[in-house]
Amino acid sequence: MEIVGIITLLLVLVFATLATVATVRTVRSVKRGVARGAAQARRAVEDAQLKARRYTTPGIGGQVAQLRIDLRTAIDATFAALDERHPDDAALAEAAGLLARLNDHARALDGELKLLEREPDKSRVAARLPDLATRVHDVTHSADTLRWAAQDRAHHATTDDLSSLTSQIALESAALRHWTPTEPPTKPSLPGD
Numbered sequence: 017m018e019i020v021g022i023i024t025l026l027l028v029l030v031f032a033t034l035a036t037v038a039t040v041r042t043v044r045s046v047k048r049g050v051a052r053g054a055a056q057a058r059r060a061v062e063d064a065q066l067k068a069r070r071y072t073t074p075g076i077g078g079q080v081a082q083l084r085i086d087l088r089t090a091i092d093a094t095f096a097a098l099d100e101r102h103p104d105d106a107a108l109a110e111a112a113g114l115l116a117r118l119n120d121h122a123r124a125l126d127g128e129l130k131l132l133e134r135e136p137d138k139s140r141v142a143a144r145l146p147d148l149a150t151r152v153h154d155v156t157h158s159a160d161t162l163r164w165a166a167q168d169r170a171h172h173a174t175t176d177d178l179s180s181l182t183s184q185i186a187l188e189s190a191a192l193r194h195w196t197p198t199e200p201p202t203k204p205s206l207p208g209d
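Residue numbers for the sequence shown follow the working numbering, beginning at 17 and rising by one.
These aren't lab readings, by the way, just hints derived from the structure by calculation.
Computed from a predicted structure; not experimentally measured.
Treat the hints with care, as some may be off.
[Stated by the list, open to error] Heads up, simulated DSBU-like pairs for lysine-lysine below, C-alpha to C-alpha not over 30 Å straight-line:
hint : residue 1 : residue 2
1    : 130       : 67
2    : 67        : 138
3    : 47        : 130
Please put together the full structure from these sequences, using the hints given.
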């Protein structure tokens with residue numbers, strides 16, 4: 017009876033441990049999901065504010081908002097283009113690494129632009145704006161170049177695959193249409209016929 021009690025106790029401990037581990041993992045997963053959702057919501061609100069500021073703030077403030085929008089749009093579009101093709105194409109892994117590094121620069125630049133939006137001295141903002149605009153142009157051009165290269169690569173791969181498939185289908189169709197007439201089987205003659 018003592019052995020049955022020990023085995024039962026061990027089974028209860030094992031199930032309790034597994035339940036605890038499952039609960040902890042579930043809680044962590046939910047926390048990550050909530051944090052990701054909150055970050056996306058903050059980003060959406062900030063993007064809407066930038067777009068509104070672009071139209072409602074005249075002069076330098078609107079220009080800074082436009083630079084931030086351009087920067088974010090180029091980086092986000094390039095991430096979308098590479099993420100879409102990255103699992104299918106190992107050659108895009110290096111491009112994804114370069115984009116991650118470029119994104120670090122874009123975040124730093126976006127941070128500088130965000131600080132300039134709050135700067136009360138408009139002459140200081142005007143003095144720094146040409147340099148920042150040049151840097152934004154460099155980052156967006158680099159992101160655009162990566163995105164266009166990924167799109168060209170996808171188009172080329174699709175075109176090559178379609179061309180190869182068309183050739184194979186034409187060959188198979190020709191083979192299916194080529195037949196030689198077969199003669200009907202002759203009856204073997206029986207010795208008395």
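How the hints compare with the structure:
| no. | hint | verdict |
| --- | --- | --- |
| 1 | 130 to 67 | holds (14 Å) |
| 2 | 67 to 138 | holds (20 Å) |
| 3 | 47 to 130 | holds (28 Å) |
The structure fails none of the hints (numbered hints given earlier).
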